[in-house]
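Chain by chain, the residues run as shown.
4 protein chains.
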Amino acid sequence: MENVVDVIHQHALQVLRERGVHLEDIAQLVYDLQSDYQDELSMQECRFHVDKVLEKREIHNAIITGIEIDRLAEEGHIRSPLLEMIRSDEGLYGVDEVLAFSITNVYGSIGLTNFGYLDKLKPGILKEINAHLGGQVNTFLDDIVAAIAAAASSRLAHNKAGTRA
Amino acid sequence: MENVVDVIHQHALQVLRERGVHLEDIAQLVYDLQSDYQDELSMQECRFHVDKVLEKREIHNAIITGIEIDRLAEEGHIRSPLLEMIRSDEGLYGVDEVLAFSITNVYGSIGLTNFGYLDKLKPGILKEINAHLGGQVNTFLDDIVAAIAAAASSRLAHNKAGTRA
Amino acid sequence: MENVVDVIHQHALQVLRERGVHLEDIAQLVYDLQSDYQDELSMQECRFHVDKVLEKREIHNAIITGIEIDRLAEEGHIRSPLLEMIRSDEGLYGVDEVLAFSITNVYGSIGLTNFGYLDKLKPGILKEINAHLGGQVNTFLDDIVAAIAAAASSRLAHNKAGTRA
Amino acid sequence: MENVVDVIHQHALQVLRERGVHLEDIAQLVYDLQSDYQDELSMQECRFHVDKVLEKREIHNAIITGIEIDRLAEEGHIRSPLLEMIRSDEGLYGVDEVLAFSITNVYGSIGLTNFGYLDKLKPGILKEINAHLGGQVNTFLDDIVAAIAAAASSRLAHNKAGTRA
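Protein chains in written order, with the working numbering: chain A, 1 to 165; chain B, 1 to 165; chain C, 1 to 165; chain D, 1 to 165.
There may be inaccurate statements among the hints.
No distinction is drawn between identical chains; accordingly, a pair holds when it is met within one copy or between any pair of copies.
Taking lysine to aspartate or glutamate and the EDC-like style, the derived pairs with C-alpha atoms no more than 20 Å apart in a straight line are [unchecked claim]: (1) 160 / 90; (2) 122 / 32; (3) 120 / 32; (4) 160 / 89; (5) 120 / 89; (6) 122 / 36; (7) 160 / 128; (8) 160 / 6; (9) 122 / 75; (10) 122 / 45.
Calculated directly from the structure, the hints in this document are not laboratory data. Here the structure is a predicted model, which means the values were calculated and not measured.
I would like the entire structure built from these sequences, with the hints used as guidance.
Below, the structure is given as structure tokens:
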């Protein structure tokens, strides 16, 4: 029997899948961020920390809210002028960064740096997400994915040091 | 001829009105917060700082996004389980506080305290908003209004001291 | 044999003790915040969540940095005009709130409200801390203690719901 | 006759100078961040926005507090184990990022991305600061300078669009 918490957790994982995000791709971002600093880092370990980050309720809330806004913008349910701001991923619209910050912050302030770096350079899967192919609106999604990767990197760094973020 | 910036500013004021929020009521929250600390504080001065806070683009973004989410929840356009979380103003859903924090922070960290105080005690107009009368969903609105009042209080405090928040 | 992590953890607990803060007093703040919302809440349970909050590295960093600044201000090692700003707990100096926010945020955005409430009303031990008796500078300490109590309240609320902050 | 506000403003500018930071170098960071997005951007304009950012009280507070901590660590007035954490710019110590975040946030959430990018890649003056030459402790300084540049970039972007951050 599933409880409410499991429902929200499963829903967060499902909406990421629906939007074409594979957790291996997020783990790859973590690996690329951390492999210079950690000896013998494995993809399996990166994936482990991504999974742990995705157990947190604060992070579920940000994921399902942000992706729902993207979807509602796609389907035209959001009113002007917000609709156009979100559809065009307008540079001065920062609510997507605000939500992303609530994800990184769960593992402490050291995640801010990695989030900004990923959000600026858009490596790996972030480039694909940011292409907004086929009319898809990914304004919140790219920040959410970058933030999950940054949070998992922080978690991994704290863990290697034997500490708790 | 209006430009895009004015359109967003006007839209933010309009959605507050649509949801039944009068700027005088926000000014009253500011007055009640600050009158013990400021000699000869007038309602007119409080209203002035509310108006100034409402000129900021970061704050427009938070207002129109948060209120749009409330409206979409009312109209049932948001999917489960997020729909039920927002409709019931669920205690562990903190995205409304995250957005509110992006409002208070424009005028510095001293606004955090006033925001939390207002959000906990729900004085004045916040009590009415929080009653969610007639099927209205105000999950984001009450935090937004508390945050505007907290930001205006910070702006007023900085101004009285001759400094800039 | 102690490792670095334990050293930092123990140091954070020690500096709180040095400044006259008993963890039972923080647990009491949690109890007063949460007893209206949680059936059969015990002080023991509140203390448990305070202890768990105090295991987090991000929170150790904020505690030992903030209390060190208070101590350095007391001993006069900080230069003017910062020295006077800290000694007088100046209303427009918000770095203490910034540090407190890094504590509450580890358990999600719902802690902001409780932090603000405690910081405004200064119940229980916060009143004593805020009195700055005997030349003690507690500018950072009172925000830190309020933030620990707010974070522990968030942790408790998430736990009762079977979720993870 | 100078008032308190001017004293704090002048002090913030002075401590930056004392630590070897020229505002032209910060303006250069802004230019490098923004010249791809803004036609006919001049160094003069970048410097203008750096100066405006440096008028804000919240930002003065962060600057003078962070640099004072660096100085106190240099002079050995800070106690172990915090002393060693700051002197070694320890990766899991994130209070410097917390302070930096309070700087960027004054101009909205869009500054987070640029801050992270600068903090990760350390271009221009940040590389020199980060070298910690001659026993200088710059743990807070490099984040503060990156944050000022990110905030000035946000201000410039909002200004070009005719909006207010």
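Tested hints:
no. : hint      : verdict
1   : 160 / 90  : between (38 Å within a copy, 14 Å between copies)
2   : 122 / 32  : both (12 Å within a copy, 18 Å between copies)
3   : 120 / 32  : both (15 Å within a copy, 13 Å between copies)
4   : 160 / 89  : between (36 Å within a copy, 17 Å between copies)
5   : 120 / 89  : within (14 Å within a copy, 24 Å between copies)
6   : 122 / 36  : both (18 Å within a copy, 16 Å between copies)
7   : 160 / 128 : neither (31 Å within a copy, 29 Å between copies)
8   : 160 / 6   : between (28 Å within a copy, 14 Å between copies)
9   : 122 / 75  : neither (26 Å within a copy, 35 Å between copies)
10  : 122 / 45  : neither (22 Å within a copy, 28 Å between copies)
Hint check: violations occur at hints 7, 9 and 10; the rest are consistent with the structure.
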